[in-house]
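Produce the entire structure from the sequences given, and follow the hints as far as they go.
Quick note on numbering: the working numbering labels position 17 of the sequence shown as 17, and the sequence is numbered without any gaps.
It is possible that some hints are incorrect.
Only pairs whose alpha carbons sit at most 20 Å apart, straight line, appear in this in silico SDA-like list of lysine to any residue [said to hold, decoys possible]:
1. K238 / A172
2. K66 / A224
3. K238 / F115
4. K238 / V31
5. K238 / G45
6. K238 / A224
7. K238 / S23
8. K238 / D225
9. K238 / V30
10. K66 / A126
11. K66 / F115
12. K238 / P39
13. K238 / R43
14. K238 / C223
15. K238 / W22
If you anchor each label on the Cβ, the simulated ranges turn out as follows [stated by the list, open to error]:
16. D68 / W13: 24 to 30 Å
17. V51 / G94: 31 to 37 Å
18. D68 / N169: 38 to 44 Å
19. S265 / P34: 26 to 32 Å
20. V32 / A155: 23 to 29 Å
FYI, nobody ran anything at the bench for these hints, they're computed from the structure.
Don't be surprised by glycine CBs; every beta carbon is placed ideally from N, CA and C.
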Amino acid sequence: MGTSKAVSDVRLWQLAIFPVVWSIVLVLLVVVLPTSAQPALFRVGQECVKVLALSGCLFAAAGFEKGDYLRGAWLFNAACFSFLLVRDCTFLPGLNELTNIDLVRPAFAGTANFFGVLSAWRFGRAWSVAELPDTGRNRFRTYVTMGVLALFIAAGSLVVHVRDAMAGNRAALVFIASGVGDIVSLCMIAPVLPTAIALRGGSLAWPWALMAVGFLGWLGYDCADAIMSMVTVDPGIKRTLLEVCRTYGCLYVLSSGIAQRRVASLSG
Numbered sequence: 001m002g003t004s005k006a007v008s009d010v011r012l013w014q015l016a017i018f019p020v021v022w023s024i025v026l027v028l029l030v031v032v033l034p035t036s037a038q039p040a041l042f043r044v045g046q047e048c049v050k051v052l053a054l055s056g057c058l059f060a061a062a063g064f065e066k067g068d069y070l071r072g073a074w075l076f077n078a079a080c081f082s083f084l085l086v087r088d089c090t091f092l093p094g095l096n097e098l099t100n101i102d103l104v105r106p107a108f109a110g111t112a113n114f115f116g117v118l119s120a121w122r123f124g125r126a127w128s129v130a131e132l133p134d135t136g137r138n139r140f141r142t143y144v145t146m147g148v149l150a151l152f153i154a155a156g157s158l159v160v161h162v163r164d165a166m167a168g169n170r171a172a173l174v175f176i177a178s179g180v181g182d183i184v185s186l187c188m189i190a191p192v193l194p195t196a197i198a199l200r201g202g203s204l205a206w207p208w209a210l211m212a213v214g215f216l217g218w219l220g221y222d223c224a225d226a227i228m229s230m231v232t233v234d235p236g237i238k239r240t241l242l243e244v245c246r247t248y249g250c251l252y253v254l255s256s257g258i259a260q261r262r263v264a265s266l267s268g
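Here is the structure:
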């Protein structure tokens with residue numbers, strides 16, 4: 001049993017490290033490739049991580065029977081990434097010039113974040129639905145802590161993007177929807193962590209912890225974009241930082257989905 005648990009812990013740690021390794025490889029490619037190749041690298045990279053995130057959600061959902069509560073949570077998350085990918089299709093040649101395309105993109109982004117919040121809500125209620133022991137005081141403290149942290153990270157970016165939206169920049173609506181959705185989602189999922197850690201010595205907390213890190217990645221994306229829009233930053237550095245944050249936001253969802261299946265198999 002000790003050896004099996006050690007092997008399982010190593011594998012779970014590998015899931016946590018994978019997005020970091022991907023980010024390091026991305027940065028190295030930016031350094032060694034010519035500047036002219038960077039747009040293609042970033043576009044291919046961001047679509048790959050979104051597809052992987054969607055795959056992770058579907059992989060986790062497939063581990064549950066039809067009608068299972070968590071299956072629905074993972075399918076909502078899959079819908080979130082599906083709409084993000086559909087939004088990206090609007091950047092294909094020929095579609096970029098369509099009438100009101102700058103309104104269609106925020107609509108897809110808003111729908112994606114709506115499903116993301118629904119997913120986080122279901123994940124956050126999983127313990128209550130399963131009638132597992134919980135401590136209301138600990139949950140309340142975690143709500144407050146994560147709420148303050150999320151607002152601290154994202155408040156500046158929301159102010160900047162709201163200002164831009166009021167000035168007529170419709171693209172800012174995408175960042176507003178993303179920022180609000182990530183703040184709400186992180187606050188919904190975070191209170192689950194103390195109970196998960198207490199119940200299974202940490203193993204059951206992995207899916208939720210990895211997903212929470214993913215939400216922090218998205219908050220970091222919004223914050224970095226807002227800050228760098230106010231200061232002079234080399235475009236290559238800005239895009240690289242944003243893509244690293246996007247990588248964390250997507251690939252930690254993939255890792256979370258795989259961890260969900262692995263923890264379920266260990267519990268079984």
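So, going through the hints one by one against the coordinates:
no.	hint	verdict
1	K238 / A172	17 Å, holds
2	K66 / A224	40 Å, violated
3	K238 / F115	28 Å, violated
4	K238 / V31	14 Å, holds
5	K238 / G45	15 Å, holds
6	K238 / A224	8 Å, holds
7	K238 / S23	14 Å, holds
8	K238 / D225	8 Å, holds
9	K238 / V30	12 Å, holds
10	K66 / A126	16 Å, holds
11	K66 / F115	19 Å, holds
12	K238 / P39	12 Å, holds
13	K238 / R43	14 Å, holds
14	K238 / C223	12 Å, holds
15	K238 / W22	18 Å, holds
16	D68 / W13: 24 to 30 Å	27 Å, holds
17	V51 / G94: 31 to 37 Å	22 Å, violated
18	D68 / N169: 38 to 44 Å	42 Å, holds
19	S265 / P34: 26 to 32 Å	45 Å, violated
20	V32 / A155: 23 to 29 Å	37 Å, violated
Hint check: violations occur at hints 2, 3, 17, 19, 20; the rest are consistent with the structure.
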